[in-house]
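Asks: For reference, the chains in residue letters:
Protein chains: 2
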Amino acid sequence: MPNLAKEHCSACHRAAAPLTSEQIAPLLPALSKWQIVERGGIMQLQRSFMFRNFAQALDFTHRVGELAESQGHHPAITTEWGQVTVTWWTHKIRGLHRNDFIMAARTDEVVHANV
Amino acid sequence: MPNLAKEHCSACHRAAAPLTSEQIAPLLPALSKWQIVERGGIMQLQRSFMFRNFAQALDFTHRVGELAESQGHHPAITTEWGQVTVTWWTHKIRGLHRNDFIMAARTDEVVHANV
Chain P
1 MPNLAKEHCS ACHRAAAPLT SEQIAPLLPA LSKWQIVERG GIMQLQRSFM
51 FRNFAQALDF THRVGELAES QGHHPAITTE WGQVTVTWWT HKIRGLHRND
101 FIMAARTDEV VHANV
Chain Y
1001 MPNLAKEHCS ACHRAAAPLT SEQIAPLLPA LSKWQIVERG GIMQLQRSFM
1051 FRNFAQALDF THRVGELAES QGHHPAITTE WGQVTVTWWT HKIRGLHRND
1101 FIMAARTDEV VHANV
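Chains as they are written, first to last, in the numbering used here: chain P, 1 to 115; chain Y, 1001 to 1115.
Pulled out of the complex, with its shape left as it was, chain P reads as follows:
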């Protein structure tokens, strides 16, 4: 199983093709709590994280945001009372790049650091 959390995002060019199902399959076992969702024809990688209150959820959002800034790759983060939903995809290619799987694995590390 690849250790995605140890990888860094690579430059993604507009001409790059989104990953195929065959390319995605070996990456999923490392991300068992993430789901592939499709929104407006774009495949995305999504997970909801649960928290005890709003303040903890907001703190997690802040730390995922800092991770995103550090890598120059940004998710959609929905913050609610006791829950944060993080969605990764690559706007440029309107789909999933290996970078999204790396960032999902790194997001899991942020929440583990939280507990």
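Be a bit skeptical, because a hint or two may be false.
[To be verified] No farther apart than 16 Å at their CA atoms in a straight line, the calculated lysine to aspartate or glutamate pairs in the EDC-like style are these:
{"no.": "1", "chain 1": "P", "residue 1": "K6", "chain 2": "P", "residue 2": "E109"}
{"no.": "2", "chain 1": "P", "residue 1": "K92", "chain 2": "Y", "residue 2": "E1080"}
{"no.": "3", "chain 1": "P", "residue 1": "K33", "chain 2": "P", "residue 2": "E80"}
{"no.": "4", "chain 1": "P", "residue 1": "K6", "chain 2": "P", "residue 2": "D108"}
{"no.": "5", "chain 1": "Y", "residue 1": "K1092", "chain 2": "P", "residue 2": "E109"}
{"no.": "6", "chain 1": "P", "residue 1": "K33", "chain 2": "P", "residue 2": "E109"}
[Claimed, not checked] Here are a few chain Y residues that face chain P, going by a calculated C-beta distance under 8 Å:
{"no.": "7", "residue": "H1008"}
{"no.": "8", "residue": "A1016"}
{"no.": "9", "residue": "P1018"}
{"no.": "10", "residue": "F1054"}
{"no.": "11", "residue": "L1058"}
{"no.": "12", "residue": "T1061"}
{"no.": "13", "residue": "Q1071"}
{"no.": "14", "residue": "I1077"}
[Unchecked claim] DEER-style ranges, computed between Cβ atoms:
{"no.": "15", "chain 1": "P", "residue 1": "A113", "chain 2": "Y", "residue 2": "A1030", "range": "40 to 50 Å"}
{"no.": "16", "chain 1": "Y", "residue 1": "H1112", "chain 2": "P", "residue 2": "E69", "range": "23 to 33 Å"}
{"no.": "17", "chain 1": "P", "residue 1": "A113", "chain 2": "Y", "residue 2": "H1013", "range": "21 to 31 Å"}
{"no.": "18", "chain 1": "Y", "residue 1": "K1092", "chain 2": "P", "residue 2": "M50", "range": "17 to 27 Å"}
{"no.": "19", "chain 1": "P", "residue 1": "N3", "chain 2": "Y", "residue 2": "N1053", "range": "22 to 32 Å"}
{"no.": "20", "chain 1": "P", "residue 1": "A113", "chain 2": "Y", "residue 2": "S1032", "range": "13 to 23 Å"}
{"no.": "21", "chain 1": "Y", "residue 1": "K1006", "chain 2": "P", "residue 2": "V37", "range": "17 to 27 Å"}
{"no.": "22", "chain 1": "P", "residue 1": "E109", "chain 2": "Y", "residue 2": "A1055", "range": "43 to 53 Å"}
What the hints contain is simulated information worked out from the structure, not anything from laboratory work.
Even glycine gets a Cβ: it sits at the ideal position worked out from N, Cα and C.
Given the coordinates of chain P, assemble chain Y onto it according to the supplied hints.
Replies: For chain Y alone, coordinates are given in the frame of chain P:
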């Protein structure tokens, strides 16, 4: 037009009825950039705010979160690169309470303080 931003949230009991269209109508002129949306049968008040980058969006999210904590009433906040979407509704009554309109007006004040 009521000055909603000057009001504070009142305690909302589970037995309270969501506002009717007739009760909502006079509150909307003060919130011209907000939309009433319906999701899963629940009426919600929603606005997207645009920013120059992710960092500014995340900062706004943090400040709306602090406002929410101060009032004990919490929205869903979706943070993306250059955009934050804030959605207010009252979970207890599965609809819109006057508190949601007050918080929408106060959210507008947060963004004005940002510019």
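Asks: Could you tell me which of the hints above the structure violates, numbers in ascending order?
Replies: Hint check: 3, 5, 7, 8, 9, 13, 17, 20, 21, 22 fail, others pass.
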